[in-house]
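Place chain A on chain C using the hints.
Heads up: the protein sequence lines correspond to chains C and A, in order. Heads up: the first sequence begins at 1 in my numbering, then just goes up one per residue. Heads up: the second sequence begins at 1 in my numbering, then just goes up one per residue.
No lab work stands behind these hints: they were computed from the structure. As the structure is a prediction and not an experimental result, all values here were calculated from the model. There may be inaccurate statements among the hints.
What the hints assert, rightly or not - Residues from chain C shown here face chain A by an in silico Cβ test under 8 Å; the list is partial:
{"id": "1", "residue": "16"}
{"id": "2", "residue": "17"}
{"id": "3", "residue": "19"}
{"id": "4", "residue": "20"}
{"id": "5", "residue": "68"}
{"id": "6", "residue": "71"}
{"id": "7", "residue": "73"}
{"id": "8", "residue": "74"}
To be verified - Below, computed lysine-lysine pairings styled on DSS-like, alpha-carbon distance capped at 30 Å:
{"id": "9", "chain 1": "C", "residue 1": "67", "chain 2": "A", "residue 2": "81"}
{"id": "10", "chain 1": "A", "residue 1": "35", "chain 2": "C", "residue 2": "67"}
{"id": "11", "chain 1": "A", "residue 1": "147", "chain 2": "C", "residue 2": "76"}
{"id": "12", "chain 1": "A", "residue 1": "2", "chain 2": "A", "residue 2": "81"}
{"id": "13", "chain 1": "C", "residue 1": "76", "chain 2": "A", "residue 2": "109"}
{"id": "14", "chain 1": "C", "residue 1": "2", "chain 2": "C", "residue 2": "58"}
{"id": "15", "chain 1": "C", "residue 1": "67", "chain 2": "A", "residue 2": "147"}
{"id": "16", "chain 1": "A", "residue 1": "81", "chain 2": "A", "residue 2": "126"}
{"id": "17", "chain 1": "C", "residue 1": "22", "chain 2": "A", "residue 2": "109"}
Beta carbons: idealized from backbone N, C-alpha and C, even for Gly.
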Amino acid sequence: MKKFIAEIDIMPIREILDPQGKAVTLGLNNLGLNEVAEARVGKHITLQLEAESEDKAKEKVETACQKLLANLIMEKYSYEILAVE
Amino acid sequence: MKFGVIVFPGSNCDDDMVYVLNTLMGYQVRKLWHKETDLQGCDFLILPGGFSYGDYLRSGAIARFSPIMQSVVRHAEQGGKVLGICNGFQILTEAGLLEGALLKNNNQKYICKNVFLAATQADRLKPYAIPIAHGDGRYYADNDTLKQLQDNEQILFQYCDAEGNINVDANPNGSLLNIAGICSKNKNVIGMMPHPERASDPYTGNTDGKTLLQKLIEI
Chain C
1 MKKFIAEIDI
11 MPIREILDPQ
21 GKAVTLGLNN
31 LGLNEVAEAR
41 VGKHITLQLE
51 AESEDKAKEK
61 VETACQKLLA
71 NLIMEKYSYE
81 ILAVE
Chain A
1 MKFGVIVFPG
11 SNCDDDMVYV
21 LNTLMGYQVR
31 KLWHKETDLQ
41 GCDFLILPGG
51 FSYGDYLRSG
61 AIARFSPIMQ
71 SVVRHAEQGG
81 KVLGICNGFQ
91 ILTEAGLLEG
101 ALLKNNNQKY
111 ICKNVFLAAT
121 QADRLKPYAI
131 PIAHGDGRYY
141 ADNDTLKQLQ
151 DNEQILFQYC
161 DAEGNINVDA
171 NPNGSLLNIA
181 GICSKNKNVI
191 GMMPHPERAS
201 DPYTGNTDGK
211 TLLQKLIEI
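So here's chain C without its partners, still in its complex pose:
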């Protein structure tokens, strides 16, 4: 078994109002950063996992994202898988 690290990003889908992002935008504008037009807030999740190959690791990460880590009604996900020695 090889060891992998998956770096997963989960973001609210575009069509959905992101009140957290709206509040952060306001905060950034109040800070004087009027150039910031929009902030959107999501989650970053790191998984350490073991798998026979990178493809197998990818399968497991897909399952994790689709079944638990993201709710596809409101969120989308993307990830990167890195092999570790």
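Just chain A, lined up with the frame of chain C:
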């Protein structure tokens, strides 16, 4: 009819629910711990409010994988009755037993207050006055799903004003179509954000919740 109130780590409305069903309404009630899989012969399952698993990841997301949920899903698929209130509603959407999702309130606040509910299908002219208490109660579904909910009469409750008008001003959290509660296609799975169990004892000064629960039990 025998009721089962499911207790997840972080549930906090389970005792209120048992009190209302048993002491005030006279039904037989059992508490079912989330690690069990035996429904102990309960016909009507209640997923109470609270903060199961600390609302980590998303409200209701982790509770969905508790051992008892397999039995709940099977019960629902066989036509058994399931009612989820607040966090229970969130768990039912995460489990795919009800459509849509519950997002953060559009005003970024945890809202705890009395609201009025128009019961879309009920033979009742006056809106129900029922408290809400949630941070993630904004009902969302895509347009096709919303249309299907309307066509199949799956929208059970909508936020309204004291006169029963369903409008933007009466919408506390930004829910689409002012949706406060829905049911499954077969009508046996029900989810709602407001807390009828908190408006059932005469000591609370409002027993609309008890009337509403009675109606849901009879559907």
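Status of each hint after checking the structure:
1. 16: Result: holds, 7 Å to nearest chain A Cβ.
2. 17: Holds, because the Cβ-Cβ distance from residue 17 of chain C to chain A comes to roughly 6 Å (cut-off 8 Å).
3. 19: holds (4 Å)
4. 20: holds (7 Å)
5. 68: holds (6 Å)
6. 71: Hint holds; residue 71 of chain C Cβ to chain A Cβ min 6 Å, cut 8 Å.
7. 73: With a minimum Cβ separation of about 4 Å from chain A (threshold 8 Å), the hint on residue 73 of chain C holds.
8. 74: OK, holds: residue 74 of chain C within 8 Å of chain A, min 5 Å.
9. C:67 / A:81: holds (25 Å)
10. A:35 / C:67: holds (20 Å)
11. A:147 / C:76: Satisfied, since the Cα-Cα distance of roughly 23 Å is no more than 30 Å.
12. A:2 / A:81: With a Cα-Cα distance of about 11 Å, the restraint between residue 2 of chain A and residue 81 of chain A holds, given a limit of 30 Å.
13. C:76 / A:109: With Cα atoms ~24 Å apart, residue 76 of chain C and residue 109 of chain A stay inside 30 Å; holds.
14. C:2 / C:58: holds (13 Å)
15. C:67 / A:147: holds (26 Å)
16. A:81 / A:126: holds (26 Å)
17. C:22 / A:109: Judged against 30 Å, a Cα distance of about 13 Å means the pair holds.
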